[in-house]
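A.B. asks: Here is what each chain is made of, one letter per residue.
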Amino acid sequence: MKKQAQHIVPPAERANLDLDSGKYLVMWQGPNHPGITGNMSLRLVIEGDTVVDCETHVGYLHRGFEKLMERRLWMQNFPLVCRIAVPEPDFNEYCYAAALEELAGIQIPDKAVWLRTLSLEMIRLASFLMWIGGQAGAFGHGTIGQWTVTMRDYVLDLFEELTGGRIYHMFIIPGGVRGDVPPGFLKHVLETMDIIQKNLDDVELVMFHNVVYKMRAQGLGYIPPDWIDHYGITGPNARAAGVTRDLRKDLGYLAYPRLDFQPITGTVSDAYERSRLRLAEMYQSIDLIRQIVANMPSDGPFREKLPNPLYWKIPAGETYVAAECTRGEYGFYVVSDGSDKPRRVAVRGPSYTHAVSVMERLVRGVNIADVAGLMVSLHTYPPEVER
Amino acid sequence: MIKLATELAARYGSRGWHNQRPDLASVQIDLSRLHDALAWLKDNMGYTHLSFMTAIDNIERGVFTLTYTLRNHAWNDGKGHSLMIHADVDRSKPEVDSIHRLWGQAWTYQREMKEWYGIDFPGSPRVDEEFVLEGWEGPPMMRRDFDSLAYSDATYAERPGRVSHDPETYMKEKLYPEAEA
Amino acid sequence: MDIKDFIAPFAVWKRAFEKPFTVNKPIDERPGAPRYRGFHINDSARCVGCGTCEAICMNKAIDLVPVDALKPDGGDSGLRPRVDYGRCCWCALCVDICPSGSLGMSNEYLWVDRDPEVFRYTPGVEAKPWDGAELGYRRADGYRLLEEERVDMPELDHHEAVKSFLELVRGYSRQQAEKEADRCVSCGVCVASCPAHMDIPGYIRAVREGDLEQGLRLLYETNPFPEACGRICTHLCEAACSIGSGRSADGTPTDPVAIRWLKRYIADQVELADYGKALPRAEAPTGRKVAIIGAGPGGLAAAYYLALLGHGVTVFEKDEAAGGMLRYGIPEYRLPYPALDKDIAWITSLGVRIRYGVAMGKDLTLVSLYGDYDAVFLSTGLTVAYKLDVPGDKHPRVLDGVAILAAATRGEPLGLGRKVAVVGGGNVAMDAARTALRSGAEVDIVYRRREVDMPADPEEIMEAKAEGAILIPQAIPLEVKPAEGPDAANKATFVWNLAEMVQKEPGKRPVPEPIPGAVVEKTYDSIIAAIGQGPDLSYVAEGDGIEIRRYKPVIGPDGRTSRATVFAGGDLTNDRKDAISAIADGHRAALAMDRLFAGKEA
Amino acid sequence: MNQTDFAGALELALAREEAAVAFYEELLGMASFAAQKATLKEFRLMEEGHVAMVQSMQTKGRVNLSPDAAVDLGLARRLAAEEKPAAGMSYQQILSAAIKKEERSGDLYRDLAAAAVDGEIHLVFERLAAEESRHKHYFEELYENEVSRDN
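Chains as they are written, first to last, in my numbering: chain A, 1 to 387; chain B, 1 to 181; chain C, 1 to 602; chain D, 1 to 151.
Everything labelled a hint here was simulated from the structure, so no lab data went into it. In this text, all values refer to a predicted model and were calculated from it rather than measured experimentally. Careful: at least some of the hints might be erroneous.
[Stated by the list, open to error] Listed below are the simulated DSSO-like cross-link pairs for lysine-lysine, each with C-alpha atoms no more than 30 Å apart in a straight line:
| # | chain 1 | residue 1 | chain 2 | residue 2 |
| --- | --- | --- | --- | --- |
| 1 | C | K508 | D | K100 |
| 2 | A | K341 | B | K93 |
| 3 | C | K163 | C | K342 |
| 4 | C | K71 | B | K174 |
| 5 | B | K172 | C | K508 |
With the hints as constraints, model all of the structure from the sequences given.
C.D. replies: Structure follows, in structure tokens:
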């Protein structure tokens with residue numbers, strides 16, 4: 001029964017296939033497929049059960065955000081940016097706000113720094129909770145998803161309490177945040193963390209000590225370390241390969257320099273290792289959230305006054321602000337020409353390479369039944385590819 | 001940093017080095033030396049990570065300004081340094097050397113820029129394929145001269161029954177309609 | 001793999017009998033969080049219909065629609081925001097920016113209907129179950145997208161101020177003006193309340209953008225007295241300003257935009273020599289001639305717009321300088337003469353001729369003008385001070401407020417003495433009181449009603465008090481008696497009856513009723529009556545063909561009297577009796593005359 | 001004049017209103033410019049209306065007046081205008097004189113009402129007093145709003 005995980009590196013070049021030979025079948029997986037992380041599709045070429053070629057097709061969620069932003073006032077983009085990555089909108093809010101603050105020379109109050117950090121760690125946890133349900137589900141283990149999506153809802157309850165919204169929190173506004181914590185909120189946070197931690201223990205037991213999961217995930221989607229820079233791979237996908245890179249540590253933004261944590265790394269970046277690493281990062285998030293609650297100042301202003309949003313002009317300049325999201329480097333490149341609207345906003349989502357270049361190569365030689373599991377193991381969000 | 005700025009200028013004629021933050025700088029390079037400069041930064045100077053690449057339509061100057069953001073992870077004790085390389089390309093004939101052999105994901109960016117700006121990267125894989133705009137027949141949509149609102153007005157119907165009033169005009173109508181324009 | 005990997009998965013069964021996480025609707029309710037961003041609520045009584053919510057909405061989900069029950073009035077456009085939930089994204093920026101603070105959100109998130117049209121409604125106008133919801137998103141304390149406090153105006157300290165006639169208000173610096181201009185949301189609600197309907201959002205935008213020539217151009221489109229109005233305007237616009245419609249965290253009203261100071265800023269910053277670069281020149285002469293009686297703001301405004309249209313204008317002024325009440329009624333510390341002279345200089349630079357020292361009725365008759373001029377504009381103002389109308393009011397120490405102010409303008413000795421009573425609560429009373437203070441007197445302001453009833457601008461009252469005037473409200477004048485004791489010939493005793501305010505008629509202001517026996521006497525060196533002024537219409541003869549009713553020429557909406565070529569305006573006909581109304585009258589009459597000349601009207 | 005019966009009471013009232021017309025007539029004679037004349041004519045017209053009203057009551061044989069007295073704003077009691085106004089009258093002087101006149105009429109009717117034995121006569125004078133009070137109130141409001149604006 002023991003299976004030695006094999007670390008096969010798929011070829012760099014696409015095979016030259018004669019699709020008319022009758023040997024191959026072209027099959028579309030998605031855009032509406034339970035194993036697809038959101039609306040995107042893979043054009044697979046299969047030979048028997050084996051995928052021999054793949055093209056990622058995106059565009060099903062394209063709403064032209066970057067174009068839309070160019071004709072909206074700086075502040076009007078605040079409710080728009082969160083939509084670029086639905087399961088974790090807060091990273092958009094943070095990167096956009098931080099970029100504007102940097103260009104406009106605004107210092108935000110310490111309370112806002114902590115509340116932003118709290119909000120980012122809470123959404124990291126929520127996003128991972130949703131992801132792990134998808135990862136287990138892709139291998140037929142739907143129970144995990146039922147548990148963890150509930151846990152995610154508990155985090156969303158917290159967001160609802162803090163920000164007034166469950167999915168789109170619209171909390172991290174340029175200049176700070178939109179409100180202080182409501183009474184009793186921090187207690188709710190700690191209680192919820194206890195519940196989630198207990199559930200994660202159960203998840204760890206039944207998912208990671210599971211022969212089916214191990215057999216299917218180990219060795220699947222192996223990313224060799226030399227791919228990391230070549231493909232611009234970031235986040236858990238890179239860390240699982242032993243590359244110690246975590247922007248929370250490297251860039252030291254928000255309150256992270258004041259929190260006690262170490263980047264988590266793995267040794268062999270396959271689907272199993274990556275999921276173990278993300279599970280560890282969920283525990284880490286819970287720990288960070290507890291640290292934030294313990295260290296956050298109880299009072300003080302939570303927002304710096306800004307000029308009238310109807311006429312707010314930002315001095316000409318450009319900057320790139322990045323943050324470590326659940327999937328890696330999430331960044332906003334913002335260019336101002338000195339007017340009241342952005343000249344250019346470009347969003348860098350980690351899935352841009354994970355879901356396209358990396359996925360297309362990794363899938364070569366994979367059994368068709370494993371495509372969904374492989375894709376989820378890369379943790380890709382199509383909206384951040386398309387923007 | 002000063003050393004890198006000087007050396008980049010000496011080797012590739014870069015100019016306008018600007019330190020935006022201690023860990024972020026930008027610099028301008030001529031299009032013809034862009035590819036070599038990027039390769040040198042990647043292979044020799046530790047800027048191994050391509051964060052993203054994109055373009056800005058500087059229509060007033062008649063150019064697209066390309067932005068390549070590279071990251072040197074090792075710099076400053078592993079804290080890293082990002083460098084934004086800018087190069088202007090003539091808007092009327094936008095053609096740029098492809099860097100798909102330098103970075104494995106670059107071809108997707110180049111395909112995006114072909115679709116969104118009409119900037120060509122000869123030799124880049126699948127550069128002419130549609131990226132996100134399936135069935136798009138309009139001009140490259142990220143160009144400044146593409147008016148998305150006008151397009152939307154022309155393409156989609158307004159929901160009927162929507163009409164708004166400007167307070168100043170409305171009050172004039174109601175309170176002092178006789179006043180001169 | 002070890003044996004644990006086969007056994008552990010069965011641990012899922014331990015949860016089989018746990019309570020499910022789901023909510024059993026409708027058995028279990030799950031209300032939204034107290035901050036939930038649910039359907040909008042709007043306190044329609046507080047909403048002023050400024051449309052700032054519409055301006056900030058990036059989804060274009062908000063329309064401003066007329067509401068039948070609401071009439072546009074002062075600071076309320078009569079419009080209310082209607083939300084289209086087909087577009088709304090519940091971001092609540094509309095709530096955050098709302099100047100009046102009327103918009104909020106309920107924590108209701110369930111609303112099911114088959115008809116899509118219902119998901120577009122006017123909160124606070126169309127009743128919804130969540131109206132008045134206590135819970136739901138409100139902007140947090142200490143969190144505002146708009147600045148609630150105006151930029152402080154640098155002013156002379158009151159102790160310093162009272163020592164001289166130096167201008168109190170120093171004016172904004174560029175940085176201050178631009179910051180203040182940034183508070184405006186360009187809603188335009190103010191425009192209706194300005195008698196001249198000045199393009200207020202337009203010139204504030206010009207300040208914000210640093211384009212002062214454009215600002216000056218916009219000012220002169222409706223008002224050729226920006227220096228004067230920038231200082232002494234009654235600024236109805238500021239009362240209407242939507243930015244002043246809110247409440248700060250401590251419950252006090254938010255400050256309206258300092259519209260008047262911004263106007264002054266524009267005019268102050270542009271040198272008279274540069275006016276020509278910004279402002280239009282007169283059109284080619286038309287050959288038409290207009291006589292204007294009175295060189296006050298109304299008359300000169302008419303003169304300016306007539307001259308601009310190419311008509312020949314002659315202004316007849318009884319005094320030795322132009323400006324009317326702006327010069328002779330408003331003290332120097334509020335409106336320095338150089339500022340007024342600058343306004344007038346630009347008007348006369350267009351070829352307006354002013355003949356000084358010509359008094360109507362004495363030196364000139366209307367009939368004689370009819371022959372020489374194509375049209376006449378009467379703007380002779382209110383020059384007769386009304387008397388105290390109590391026994392003894394002919395006492396030589398009873399003086400008239402308007403005359404005192406004029407004497408101060410002329411630099412004549414005032415001879416008010418050490419103790420002065422000013423009777424009245426209007427701006428003339430405040431000006432007289434503050435002028436008396438500056439002459440070294442101790443001043444009592446005796447007013448018949450309460451301080452809140454005083455018709456003077458609140459800041460005038462505040463400043464008069466700050467400069468040391470004592471306010472004696474609810475004091476009904478009874479009598480002026482000869483004084484007793486030493487130097488009695490140069491004094492008079494003022495007698496008043498303290499009053500209580502009685503609400504005699506519903507809907508009307510309370511009436512001061514004398515409290516029996518509460519009679520107070522005090523001896524003053526001077527008693528200045530400032531209870532009101534009336535017109536001197538003795539120059540209008542019955543044969544002049546101008547219908548007069550209750551001491552006012554009867555005019556139509558364009559200022560025309562019963563005689564087709566004679567127009568009237570300013571304090572003479574205008575109940576508002578302020579400079580800006582007079583200016584608006586002058587502008588309107590000028591345009592009407594132009595139409596008359598063009599033959600567009602009979 | 002017999003004011004103890006209805007006809008007599010109205011007779012008295014008529015005389016009173018005619019005197020008021022004559023009062024304004026007299027002032028008009030002294031008036032020197034259009035504004036004065038227009039105002040006095042207007043007020044005279046009001047009194048002429050009153051004359052017609054009393055005459056109509058005489059014809060119809062009943063008093064057709066509201067019993068509601070107007071609020072007294074208290075101006076008549078304190079205004080100084082005792083003397084007959086002369087040429088060059090200001091609006092203030094005319095209004096002041098009018099208020100005084102209405103006050104005197106009202107007082108007279110009130111006295112007569114108090115003196116009346118007959119209930120109907122009492123009522124007639126009371127109603128006439130109320131009518132005069134309304135008329136006075138009208139002038140008082142004019143005075144408050146147009147003359148004494150600032151006090």
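A.B. asks: The structure should be examined with respect to each hint, and the outcome stated for every one.
C.D. replies: Hints, one by one, checked against the model:
no. : hint            : in the structure
1   : C/K508 x D/K100 : 23 Å, holds
2   : A/K341 x B/K93  : 28 Å, holds
3   : C/K163 x C/K342 : 26 Å, holds
4   : C/K71 x B/K174  : 8 Å, holds
5   : B/K172 x C/K508 : 29 Å, holds
The structure meets every hint from the earlier list without exception.
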